[in-house]
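Below, each chain spelled out in residue letters.
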Amino acid sequence: MTSSPGPLISLRRAGKIYQSGRVRFEALREIDLEVAAGDYLAILGPSGSGKSTLMNIIGCLDRLTSGSYLFEGDDVSGLTDDGLALLRNRRIGFVFQSFNLLPRLDILENVELPLIYQGVSRRERRERAMAQLETVGLADWRRHLPTEISGGQKQRVAIARALVTRPGLLLADEPTGNLDSRSAADIMEVLETIHAAGRTVLLITHDPGVAARARRQVHIIDGRLTETPVGRPLT
Amino acid sequence: MIRDAVRMAWRSLRANRIRSLLTMLGIIVGIAAVIAVVSIGEGGKDAILGQFREIGANQFLLEVTDRRSGDTLVTPEDLELLRSGLDGLEAVSALQQRLGLTRKARPDGRESTEGYAIVAAIDPWYTDILALETIAGRQFTDSDHHQGTPVILVSESTAEALYGTTDAVGRDLDLTLSNYRLQARVVGVVRTLSGSLQSEYGQMADAGMMERVPGELFIPLATLERLEGRPDGYVMLMAASTGPENTGEVAERLTAFLRRRHPEATGNSYRVVVIADILEQVDTVIGYITAFIAVVAGISLVVGGIGVMNIMLVSVTERTREIGIRRAVGARTRDILAQILAEAMVLTFIGGVLGVVLGLVFTYIVTRIVGFSMVFDPRVIVLAVLFSSAVGLFFGLYPARRAARLDPIEALRHE
Ligand SMILES: Nc1ncnc2c1ncn2[C@@H]1O[C@H](COP(=O)(O)OP(=O)(O)OP(=O)(O)O)[C@@H](O)[C@H]1O
Ligand SMILES: [Mg+2]
Chain A
114 MTSSPGPLIS LRRAGKIYQS GRVRFEALRE IDLEVAAGDY LAILGPSGSG
164 KSTLMNIIGC LDRLTSGSYL FEGDDVSGLT DDGLALLRNR RIGFVFQSFN
214 LLPRLDILEN VELPLIYQGV SRRERRERAM AQLETVGLAD WRRHLPTEIS
264 GGQKQRVAIA RALVTRPGLL LADEPTGNLD SRSAADIMEV LETIHAAGRT
314 VLLITHDPGV AARARRQVHI IDGRLTETPV GRPLT
Chain B
31 MIRDAVRMAW RSLRANRIRS LLTMLGIIVG IAAVIAVVSI GEGGKDAILG
81 QFREIGANQF LLEVTDRRSG DTLVTPEDLE LLRSGLDGLE AVSALQQRLG
131 LTRKARPDGR ESTEGYAIVA AIDPWYTDIL ALETIAGRQF TDSDHHQGTP
181 VILVSESTAE ALYGTTDAVG RDLDLTLSNY RLQARVVGVV RTLSGSLQSE
231 YGQMADAGMM ERVPGELFIP LATLERLEGR PDGYVMLMAA STGPENTGEV
281 AERLTAFLRR RHPEATGNSY RVVVIADILE QVDTVIGYIT AFIAVVAGIS
331 LVVGGIGVMN IMLVSVTERT REIGIRRAVG ARTRDILAQI LAEAMVLTFI
381 GGVLGVVLGL VFTYIVTRIV GFSMVFDPRV IVLAVLFSSA VGLFFGLYPA
431 RRAARLDPIE ALRHE
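Taken in sequence, the protein lines are chains A and B. Per this note's numbering, the very first residue in the first sequence carries number 114; after that it's consecutive. Per this note's numbering, the very first residue in the second sequence carries number 31; after that it's consecutive.
Please note that the accuracy of each hint is not assured.
Simulated restraints on C-beta separations [unchecked claim]:
id, chain 1, residue 1, chain 2, residue 2, range
1, A, Glu302, B, Ala45, 33 to 39 Å
2, B, Ala45, A, Asp335, 24 to 30 Å
3, A, Gln231, B, Ala321, 46 to 52 Å
4, B, Val344, A, Gly196, 28 to 34 Å
5, B, Arg443, A, Ser294, 25 to 31 Å
6, A, Gly196, B, Ala45, 31 to 37 Å
7, B, Arg47, A, Ala252, 27 to 33 Å
8, B, Leu413, A, Ser263, 52 to 58 Å
9, B, Ala45, A, Ala252, 21 to 27 Å
10, A, Gly322, B, Leu55, 55 to 61 Å
Just so you know, the hints here were simulated from the structure itself, not pulled from any lab data. The C-beta atom is built at its ideal place from N, Cα and C for all residues, glycine as well.
Chain B on its own, in the form it takes in the complex (with noise of 0.2 Å):
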């Protein structure tokens, strides 16, 4: 019975193709609406959240952001001081980034240029901070930071770039840091879990303005400093606090350490930013925003259930003589409101199906645009269309009950 009824809807609204399809409508936007935002507001949490997410929550980052005197902010005596005890600070460390030329050599002994990559320069107390798995090969040794060896570590994805393989252990890279040029050896493959935490580079490589080698390059921050001679002062430092509770607390007796240190520093000279805020931060935004879209979504789904129970009060009318004649021939007031249910259902199911097919489609080129990467969830899909449906169950029930109370002899008449 039920698929009959189910096959009468879909031949009648076939029979109204235009009609029907423009009743969906609504409720199509409204669905896609609702995945588009879902999968796109999920792909950008990944996007925005990925590189932050597993660093875990007792971790901070200081930036100088005093571009005067940026340099001598935060001096290698400092961060000595601070090592030798700020209260619940477990690590600190100073990171250099350089925007690298790899070049390698080709079977054919000529050189070729591969392209530019992000170095990140590390101290032995970066992996205290964020580990660097290893994959193959081995990590900087204590001598590798004290005398500044020319040795590479490469992540997965730069291996893969530069030779083909993720086995890169033994293979020479030439690598161009500024005006200096460093041949180094790849001593170990690693697996990161930051991503590339400062991106200014990588936003200029995406942008197209080079061409760049993905993943991340590390080197020690001794190797650098013997390229570029020993820095007055950093302007990034990556830290830790002891466990989470006191994260933010550690954060600002450490500025308050600098600053005392140094009077000259202005008020924004050094901006700190606790990754668990910003978790919650851009949890919190994205969150108003899904917010603020599902309610758009809701009111369209709203209209176009209003806009099916109008055409199928409409189609009610239209067929009131054919109402008539299946009750002549025995048909109950069940089975007409079952009727018009099943079409006002199959209607928005249909619509509920279009929609998440329109707003995968969409949420699929938005993510390709902005390079996100496309998440979504199947229950999502589910739910989507099954809410659709219900619209069609909850706004069908008007026109079906008229229908079903039509009396047999008045509908017959009617012409």
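Bound-form chain A, shown alone (with noise of 0.2 Å):
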């Protein structure tokens, strides 16, 4: 990671509104939010509050309708969908709590897919996803299909994805959601790991537990933010 000036994300009076048809839904309010890099913030709030439509923009597959988003101090809101596009693929990475590998393509493929629309060989596709395989212990099942393992497995499949194309951010809505507590505190962990090791990242949950975990934990209540103070959880 290279240490830039300002902030990662840079969020400045951001709102997103839906509107489908007649009906207008203000998902996001007035969000104003830094994260720097290196930093791990945990996003909390109950549901349908605006988490993941936040982490959507954060992570650029969306769009704000107002206010600005800077990542890297750079406006977001000026990218084409390929700029988008190309700003998911290297620099930020995801992960959902749905795992959404794809379920025709083994392990391995599935860790090798964002390296295919970086143009990367085919060669050193197999060895960067291995090499990432191997990073959460799932090596010897590179040639199973999604749906030959266990949940935990799955996340941290989804995990070594991605991470495959070193991407500075990591975001990850409701990781553990849909695992068991033994999976989910090992999930926990490895992206513990990966904080250590100096990327950024994002956690949506709806566990204070887990929230407590992070250095820096905010609310989403009705689209709007609130930081809550280190050591002073909600209650």
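Hey, can you piece these two chains together into the complex? The hints should help.
Shown next as structure tokens:
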């Protein structure tokens, strides 16, 4: 990680309005948020409050309808869809609650996937994906299909996929939501290792215990964001 | 990137093998039809025209079709008069054909039957119209023609069949023509340009009614006439005009001359066949048939293409989430576009290849049954496969654009 002078993520008065037909829904309102490179941030909030919406914005999967979003100091709103795709591909890794592995590809091929869109050669893809699978302890499972492994393993594959491009930012949307407590603890440990290695981690969770392990906690309620000072978790 | 797209396409098609195959069916049938039509059409043309093609544009045949008085509607005197001066007539030759039973002496002294051969009895003018190229030995001489010596020219395939070698000069052949027996000597091996011209005997032989000696045998007309006696008339003339431009005209003049000489001839006693006309007609007919089936094949390809589009739309809908995932990890719209297009094109490409194979197999079977030689143009195959791929490109475009335009978030949420 190069230490950039400004924050990695900078949202100013960010708003997101969903408009479907005549129905207008304000999912995010006036969000101000800065995340420094190397930070570990937990996002909490009730269901439907806008957590995923915020994460999609930060992950360049979606666009704001008002306010501004600077990623690594650059205004993302000026980028084309392909520009955003490039950012997602090179700078950002996603981990989802429902794993989102491709069912017809084996574990190794799933991990390779982002590298295909970087134009990396087949051989190098194989090597890098294998190395990444080893870090999550699943190298021996490389030829298995996602349906043949457990939830905890799937999530570790998803993490390997998110990290294979060596992104600075890892976004995890309720990564433990579909896991039993043991696998969940397991995944949290992996995330902490990733953070310890210098990456910025943003984590959505419902679990205050999980959130407590982050360096910062923010709450979203009805699309508004409030930051909770560390050491004083909400009860 | 393209290699990856093709590889991905191949995998996803393999994952739905049955569906892919069914989708290809329209393409396969369409391409197979095109290949079969073009190949069989070419083979048919070759078979029908082959015997005429090399003869030339200034030749024509005159056939006496009147069964009752046929024997006297072209007399030897007519021929003499024609030769002594009909405007524009280069040469005219009377041709007799007989089916001959060939025998040759076996090494052990006993005779063996070798089968039936078509024997053409030709006069000296024959070679003015159709060249007989000498491979070995000689041609008929003037004295052969005058005295009716028992000499034979054989084509290469005949020599091969009768003697096991094309070097047959000097060999003896025992020939039975109708009721007459001819002990003849092979004086030359020739290459004929015409193939077997009149094949009514050939057809009988080819229909399996008798064992046939391939190729052709020639004897002087005089030799035949020494056996059978001089005929009152001929039923088949071959003629050539001085140039291709006046062939029709000369043929008409010749017929008019014969009609004047034979007032008893009815309207359709004489039938004239101008070789160039046959070529043209056959060409036209085959052209029509080809065009018709090409249209049918085209429709089949369009229908097949629509089938491909339909399946690709289904496939895109089924894989909305996959597309969302790919977008999330960095696939650009054009990557998705390429993936779906590649899939459609790989599908129709394989369909095209299978169609070509099927078409060739079908052509092979048909040509074997009909007896045409199998003619195919490799360019047609390349073109067919390119075209079927283009069908995939065209009909894959809409589904591919639909897939590429999917909103990543909506796609990810899709289940
Ligand atoms: N495409 C959309 N059109 C309209 N409304 C939407 C759309 N996407 C999300 N919303 C609404 O925006 C609100 C926020 O959604 P979001 O998915 O961000 O919530 P969340 O905090 O992640 O909830 P959960 O904890 O259940 O995942 C929800 O009320 C949802 O109904
Ligand atoms: Mg959510």
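Right, here's what the structure says about each hint:
no.	hint	result
1	A:Glu302 with B:Ala45: 33 to 39 Å	35 Å, holds
2	B:Ala45 with A:Asp335: 24 to 30 Å	44 Å, violated
3	A:Gln231 with B:Ala321: 46 to 52 Å	51 Å, holds
4	B:Val344 with A:Gly196: 28 to 34 Å	31 Å, holds
5	B:Arg443 with A:Ser294: 25 to 31 Å	27 Å, holds
6	A:Gly196 with B:Ala45: 31 to 37 Å	33 Å, holds
7	B:Arg47 with A:Ala252: 27 to 33 Å	31 Å, holds
8	B:Leu413 with A:Ser263: 52 to 58 Å	53 Å, holds
9	B:Ala45 with A:Ala252: 21 to 27 Å	25 Å, holds
10	A:Gly322 with B:Leu55: 55 to 61 Å	58 Å, holds
Of the hints listed earlier, the one the structure fails to meet is number 2.
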